[in-house]
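Line order of the protein sequences matches chains Y and E.
According to my numbering, the residues represented by the first sequence are 7 to 345, in order.
According to my numbering, the residues represented by the second sequence are 254 to 529, in order.
None of these hints come from the bench; they were simulated from the model.
Be a bit skeptical, because a hint or two may be false.
[To be verified] List time: in silico DMTMM-like cross-link candidates among lysine to aspartate or glutamate, alpha-carbon distance up to 20 angstroms: (1) Y:Lys58 / E:Glu437; (2) E:Lys365 / Y:Asp341; (3) E:Lys420 / Y:Asp129; (4) Y:Lys239 / Y:Asp253; (5) Y:Lys58 / E:Glu451; (6) Y:Lys215 / Y:Asp310; (7) Y:Lys231 / Y:Glu243; (8) E:Lys420 / Y:Asp341; (9) E:Lys365 / Y:Asp129; (10) E:Lys420 / Y:Glu210; (11) Y:Lys231 / Y:Asp300; (12) E:Lys420 / Y:Asp68; (13) Y:Lys231 / Y:Asp310; (14) E:Lys420 / Y:Glu14; (15) Y:Lys58 / E:Asp379; (16) Y:Lys231 / Y:Glu70; (17) Y:Lys215 / Y:Asp253; (18) Y:Lys58 / Y:Glu243; (19) E:Lys420 / E:Glu437; (20) Y:Lys215 / Y:Asp114; (21) E:Lys365 / Y:Glu87; (22) Y:Lys239 / Y:Asp189; (23) E:Lys420 / Y:Glu299.
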Amino acid sequence: MSNDNIVENRSEIVFLYDAVDANPNGNPLSGANRPRIDPVTNEAIVTDVRLKRYLRDQFEADGEGVYITSERGEYAKEREELLKDTFGVTTVEEIEDEGFDGFDRFLDNAIDARLFGATFSIDTDADELIEALETHLPDHLTGPVQFSPGKTLHPVEVNEEYNSLTSVIGTDDEKEQGGFDLDDHRIKYGLIGFHGLVDEHGAEDTNLKTEDIERLDSTCWRAIKNQTITRSKVGQEPRLYVRVEYDTDSFHIGGLTHELDVVGDDEDARSYRTVQDVTVDATDLVSRLNSHEDRIQTVHVVADDALDIALEGETLDDGFVSALEDRFESVHEIDVYDH
Amino acid sequence: MQSELDDHIDESTSQDTEATSRSLPDRCLSFRLSGPWGHFRRVEGNTVKTTYRIIPRTTVAGLLAAVLGIGRNQYYDLFGPESSAMAIEPVSELRTINLPVNNLTTSQEGLKGVNTYGKVSVYYPDPTEDRQRTNYEVLVEPEYRIDLWLADGERYDELREYLAEGKAYYTPSLGLSEYLADIEYLGEYEVTAVAQSEPHAVDSAVPDPDGVIPEPNVNYGTERSPAFMERTTASGEFSGRRTTSYLTYTYSPDGNSLTVSDTTTASVDNRTVVFR
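If we strip away everything but chain Y, and leave its shape as in the complex, we get:
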């Protein structure tokens, strides 16, 4: 049953969101959790781990089973039971029994394990049990969906005004006085670009289903809307999500996010403050897609009206989605609230 609808097509994802007066991803080893910034290019960096945390939190909020939860929730409990059922076997016969589907049920209950993979180890003194289990388990649980750590498409400026924030959060359980002069570092504006891939061959290992990818389409959008709720994370909005679904086996163009350029009203990119200050030049992206049109099945897309996108030097008045519809046979506009 769980083998239905396993992902068969490779997809390549371009995902842009922006951050205004926020710390899109602090560096925990910098002391004051400063935004991660490439010291040479001044581009801000957001790790794949940060993005996946937003996504997992949104999946959990949607009632999906999540393996790596933020905290112990009801799903964590269920997962433990499933693992117990899965591996609570005592004989080789039990494992070799055709009805043994514990591992599939574990995956069924954890959308993040299906998308991003999972880590666990199995321990037994009996070698033959391990051997029998191995035939049921995939070789490894590398996630079929991978996001490269993201970067802003332009240099950013750090907002020094927040540095000596005073807070009334207790610094210790026993102290009644709040903390003072807490370091709080943010960037003024950053349009962050993520690049992702869905590996149709890796999909078999984790029972990744086409519905999971459709869910990912809307969850990327809603996660940035809904899960950026702590103080330093407020001020982030999704701006563009494109998933190019290929119909040629084992093929993807590669590096699509890096085809995007930002053209600002101001020559110095560090002076960008809001989404109104930037225009994304999608000329190279669209021409790359055009040159491989015969290998593309569908372009799934959702774009925020507030983000100006330009093609061949002209800002698109009718929006990016309709520009794609003019150029590609199959364009699917994602309804992010239908999930």
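For this one, chain Y is given, so just place chain E on it according to the hints.
Same frame as chain Y, but now just chain E:
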């Protein structure tokens, strides 16, 4: 574990000498390998995950196995010392930054056990535990040009087809699965030996530190990384595979050429490279 590592290093010394006497291939596949990030963890590092600057030969082998769809632990013979030749040229400046990540710990104390008294127990990272801060040193926008020959003609042709069509069975990455890689096929080239009496410039990294003639105002880097692996059946730390020998590469961190003498060099596409 350390003593086992030492054993491998000892073994490698003898194999290195053997490899230098091998003749050059007559042709090779040439491709550019790049990505926004790369991390090739140095085998001797532990708490801080430091990276090699030059993509290790074993990593290129694993990446190409992914392109061909060959599973883990099934491709080591294909890229063995006698059955393959590879030149690695750093094209970009090799720059690194620190990219710390909060991970769930997989050390024994941070794992939660299920069914721990049963026949089969399973351990998984406990999400309620504190995250472990892992400091990754990562390469920023690394780029290499690789020239490769394989003795296995069938696999060689298959790889050429995959590369030429821009295909990859599994999605390729630079060291870690999230550091997505781009592969650009440059073509198949004839390999011709370069007359080696005079010191001359070489574009690739040199897998033999003694062959490089140091020059003023030139930066050099040198590092010893895994080069060849074999499949093992033993369990424990080295279950599945084991490094059988290492290579010491000398390279220019700025992507410039180096001057060598007494080294078997070859000309590929009007460049001079050293195969190993």
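Name the hints, by number, that the structure is in violation of. 1, 2, 3, 4, 5, 6, 8, 11, 12
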